[in-house]
Structure formats: structure tokens, C-alpha cells
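Chemist: Sequence:
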Amino acid sequence: MVFRKAPVILLAAFLIFILPASSQVIPAAQEGTLPLSVGLGGSSYFPNYGVDANRHRRPIEGGTLWIDWQISHVPHYLNGIGVEAAARDLSLWGPIELSKGYGDYNCGTSVPPNCQPNPSGLRFDTAEGGLIYRWHRYARIHPLAKVLAGFGSMDFPATSAHYPSGRPYTHDTRNFFAADAGLEYRITHRIDIRAEYEYQFWPDFLGHNWMKPNGFTVGALYSFKPYYPHAHHY
19 MVFRKAPVIL
29 LAAFLIFILP
39 ASSQVIPAAQ
49 EGTLPLSVGL
59 GGSSYFPNYG
69 VDANRHRRPI
79 EGGTLWIDWQ
89 ISHVPHYLNG
99 IGVEAAARDL
109 SLWGPIELSK
119 GYGDYNCGTS
129 VPPNCQPNPS
139 GLRFDTAEGG
149 LIYRWHRYAR
159 IHPLAKVLAG
169 FGSMDFPATS
179 AHYPSGRPYT
189 HDTRNFFAAD
199 AGLEYRITHR
209 IDIRAEYEYQ
219 FWPDFLGHNW
229 MKPNGFTVGA
239 LYSFKPYYPH
249 AHHY
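Sequential numbering of the sequence shown, starting at 19, is according to the working numbering.
The set of hints was computed from the structure by calculation and includes no laboratory data. Incorrect hints may have been included.
Stated by the list, open to error - Under the rule of at most 25 Å between Cα atoms (straight-line distance), these lysine to any residue pairs were calculated in the SDA-like manner:
| hint | residue 1 | residue 2 |
| --- | --- | --- |
| 1 | K230 | F219 |
| 2 | K230 | A103 |
| 3 | K230 | G81 |
| 4 | K230 | F195 |
| 5 | K243 | A163 |
| 6 | K243 | R208 |
| 7 | K230 | A145 |
| 8 | K243 | A103 |
| 9 | K230 | A199 |
| 10 | K230 | Y217 |
| 11 | K243 | W153 |
| 12 | K230 | T191 |
| 13 | K243 | V56 |
| 14 | K230 | V165 |
| 15 | K230 | Y67 |
| 16 | K243 | P93 |
| 17 | K243 | I211 |
| 18 | K243 | H207 |
| 19 | K243 | L58 |
| 20 | K230 | A213 |
| 21 | K243 | L54 |
| 22 | K243 | D198 |
| 23 | K243 | Y187 |
| 24 | K243 | I85 |
| 25 | K230 | A197 |
| 26 | K243 | P161 |
| 27 | K230 | E102 |
| 28 | K243 | N97 |
| 29 | K230 | P77 |
| 30 | K230 | L201 |
| 31 | K230 | N66 |
| 32 | K230 | Y151 |
Using the sequences provided together with the hints, build the complete structure.
Modeler: Structure representation (C-alpha cells):
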């Protein structure tokens, strides 16, 4: 399936382009350090799926892991480019209508406990990777943009559909694409605060529908390679 190969193709194309590029001078004090950043953030997304009893869409919350590799040996017009891998786990918390165990499955107009509980809650697990670009024009504030492709797993309350075995249809997986924009604020030579907004595109979900989860993540990253405003190593 073409979608399943998209992250590998994207990364391979990027490496083929970058390897022949001319090298860039890096301060001697930084040689041998890894251009790697690792971070954690808290996320709040609107899943573009499901409503509560008042017909309101509720956000789902969870955590995000970032792993960024900043490329140093690139032409000057690509300074700031890198690759990123990210993983995210989102679920609904609390006794609300889309939480696992809350009684809204086959309820009709009934209210709990006069109807069946959900056999599954609402949860997203995603893994994605692609290109990230940071603008280093300013000493501490760095705008960023990303183009990513990934694989997502979703659990959701039962629908009227069933698997051939008769089990309720409560789980699906999809490849997806995402666009992302945000800001980083450098508080030390190694630590950044990041805030970003992501918009995902899940094709052919529950039929021929496009699901578009979107939301914010705020967190911090630790860079193994320190950043010095006047050392042009990016």
C-alpha cells in the first residue's frame, strides 16, 4: 500500500539529497556532539470524531514525545532543516460520554445505567516522522514548521458495524499526513520550550470520509548539542 511506504520514501529522498551537500564550518568546541534534541509535551486535540450527549465535541488529552535530528552539513539556504520522529498517546479522561465504560452504547434516549457500556473508549496512538525546519534569525525565538507522515491507531465506541466474527467495530488503523507550525523559546544553551499546532489528514476513515484531528502541544526539549547565538553551526 502506497500510504504505508510514505514515511520511508520521504526519509530516503531527504537523505539522498542531503548527503552530497557541501559541508559547513562548525566550531571546534562542538565537534563530536550530537545534533539531537529529545522532548516531552502535553497535548490537547479535537479528534473530529464523536460528540457527547449535548452534541458537543470534547478534546482528548495525552502526551507527546519528540526526537529531532538537526542537520549541520547542508547548503546555507537549508540551515535549520532536520528530521523529526514523534509519538503521541491521546485519550479521553473522566466519566464522559466517549470514555470507556460510560453507558451510551445502544442507549437511544435512555440514561445510564439503563443501557450498555461502551466496549471501547476514544483513544488515539500515533507515530509520525518527516521534515522540520527552524528559523534561527532571532537569538531565542525560533519559528518552526513541519511536514510529516505517520501511522495512527484509533479506538472508539462501538458503531452499528461489526467485524465478520460478530465483534463490534471499535478499532481501526490508518496512514495519515500532517502539517505543523509552532515556536520554540530557548531558555538555556540546551533547553527550549516548544508550543505547536498540528493538523492531521486521515483518509478513508469509516468509509470514504476524511478525519482531521487537530490540536496543540506544549512542552520542553533538551539539546545534546548546545546552541550559541554567534556560532553558525546550523
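Chemist: Which numbered conditions among the earlier hints are violated in the structure presented, ordered from lowest to highest?
Modeler: Structure breaks hint 23 only.
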